[in-house]
Each structure stands twice: as structure tokens, then as C-alpha cells.
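Engineer: Read off the chains here:
2 protein chains.
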Amino acid sequence: MTEPKADLLQGTLDLLILKALSLGALHGYGIIQRIRQMSEQMLSVEQGSLYPALYRIEQRGWVTAEWDINETGRRAKFYSLTRAGRRQLAVEEESWDMLALAIAKVRQAT
Amino acid sequence: MTEPKADLLQGTLDLLILKALSLGALHGYGIIQRIRQMSEQMLSVEQGSLYPALYRIEQRGWVTAEWDINETGRRAKFYSLTRAGRRQLAVEEESWDMLALAIAKVRQAT
DNA sequence: GCAGGATGTCTAGGCGTTCTAGGCATCGAG
DNA sequence: CTCGATGCCTAGAACGCCTAGACATCCTGC
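Chains as they are written, first to last, in my numbering: chain A, 1289 to 1398; chain B, 1289 to 1398.
Just so you know, these hints were derived from the structure itself, not from any lab. The reader is advised that the hints may include incorrect statements.
It does not matter which identical chain is meant; a pair holds if it fits inside one copy or across any two.
Unchecked claim - Listed next, the in silico DMTMM-like pairs over lysine to aspartate or glutamate satisfying Cα-Cα at most 20 Å (straight line):
#1 K1365 x D1302
#2 K1393 x D1356
#3 K1307 x E1380
#4 K1365 x D1385
#5 K1365 x E1380
#6 K1307 x E1382
Starting from the given sequences, assemble the full structure and let the hints guide the process.
Structural biologist: Shown next as C-alpha cells:
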């Protein structure tokens, strides 16, 4: 947590991770960078938030993890979305849309 | 938590409460109904979530509470937004906008 | 040769927020 | 007189994230 926004809301982290992985398998460190890049520096996920989240997500069967070697020859744990993970991503996106819609309604209420 | 959405994201509750009160002073039970009505039944706040939140919000000086009699002659604790509460509402709305924008960027990323 | 920064994974501990699940009281309708 | 709606409140736990580290390797610069 440096410049961008403060804390992101609880519950959005899974969505971000799943979305990042939907563009291709990636290791933890890379997920953080991809999220930062995709959000145009608005969101930055801390390592201490990411790894426990990845563990939780893996337990739920939404990703699988595998040690491998990255393009620079270093070993890293690569995560890939499972089919269930793809479904979950869709669920979370729909959830988010519903919430965003509900909040919008509340805000425009007079 | 009945039909509508599951749990709302942590951090949105304050925004909802402040917004509800921005339309006029209200007691706890009424806040729940107003939020439900403003969101067109999409959001429903539990009493067990609301009262602790109201207490917290009052401690922070965003609302003041006062016992009074409602239109049906029953006593109830009415909450009103303070000036600081109005500022806080603006802060939370801006925060929400930023987050929504960031999430949108992530989601449209290829 | 070595210091420091970037890359990479991970854990312990704690904290704030919300939910579950009650208790309690009054009022009106049936 | 019973039941649902209105009204306020609390205890306890679960959850999800953050802070703040440890640790290892590689590259670059001095």
C-alpha cells in the first residue's frame, strides 16, 4: 500500500486474482504486477494479502499451482485457473455488477 | 440476509447508512427499511450489522443520536448526520467511484 | 568482491467489520 | 391472547485483509 488507493474492499481480491489469471497462468509476484498494470496503478495488492488469498482460492479448487521456471530461469509457483475457477470468476463478476447497481440506485435516490 | 444479495462488501455499510441519513434523520429500524427501499429490495441490512455500525459511526462523530417519538407515538432513537458525517459521505462516495473505476479497468483488460 | 534492489515465496499475529443468534419490549390486528 | 411488525441491543465467532517481518536468488553498480 503505497500511493494508489487505500484498502480495497473485502471481497474484491478474489475477483481481481481470478481475472488476472484468466489472461493466462502466472506466479504470485506476477499477479500483483498484472493487477497493478490492469488497473492502471489504481490498485496495488500486498504480498501479505495475496499469498493467503491464493492459498484459500487453491483450497476451493479455483486454481491449481505448480512449480516451474519462469522466462528468466528462476523457479516460481505458477497458478492456473481451473474450470471451476472460470465459473467462479463469472459468479463474482455478476455479484459485483449487482452490488454496483444496488449502490448506484441508493446513491441516486432522493 | 434473506433473498437479495448475499453479504454486501465490507466497507459499503457506512456509505449506505450515511446516504440514508442524508435524506433526513431516522431511527435504526427505519434506516434498514430506507436502504431496502432505495436499493429496490436489492440490499438488506441485518439489525445485528446495523446497530454496531451505528455505534461506531456515532463514536466517529458522523452522526448524533437522540431519543424521540416517531409518528406512531413510539419512542425510538433518531440519528442525524453531522457536518463531519456529510463530509464523510462525500469521501466514501469518491472512494467508491475510484474503486468502481479501477475494477472496471481490470475487467476490460485483455 | 560485495551491497543493494528487484524478484520470488511465505508466515505469524492482529484488527476491524460483519454475521449469527439470540434477548427484550410495545403495539395492533385477528 | 397470540402473533407479527416495530423497535433497540449484545455476545461471540468467522472472515478477510494488513503489518511486518523472514528467507532465497539474481543482476547491477561501485
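Engineer: Check K1307 against E1382 for me: Cα-Cα at most 20 Å, and say if that holds within a copy, between copies, both or neither.
Structural biologist: Cα proximity of K1307 and E1382: one copy only (13 Å, versus 24 Å across).
Engineer: State whether the alpha carbon distance between K1365 and E1380 is at most 20 Å within one copy, between copies, both, or neither.
Structural biologist: For K1365 and E1380, neither the intra-copy (24 Å) nor the inter-copy (37 Å) Cα distance is at most 20 Å.
Engineer: For K1365 vs D1302, is the C-alpha pair at or below 20 Å within one copy, between two copies, both, or neither?
Structural biologist: The answer is within: 18 Å in one copy meets 20 Å, while 39 Å across copies does not.
Engineer: Checking K1393 and D1356: alpha-carbon separation at most 20 Å within a copy, between copies, both or neither?
Structural biologist: neither (47 Å within a copy, 30 Å between copies)
Engineer: Cα distance capped at 20 Å. Does K1307 pair with E1380 within a copy, between copies, both, or neither?
Structural biologist: within (10 Å within a copy, 25 Å between copies)
Engineer: With identical chains treated as interchangeable, where does the CA-CA distance between K1365 and D1385 reach 20 Å or less: within a copy, between copies, both, or neither?
Structural biologist: neither (31 Å within a copy, 34 Å between copies)
Of the hints listed earlier, those the structure fails to meet are numbers 2, 4, 5, in rising order.
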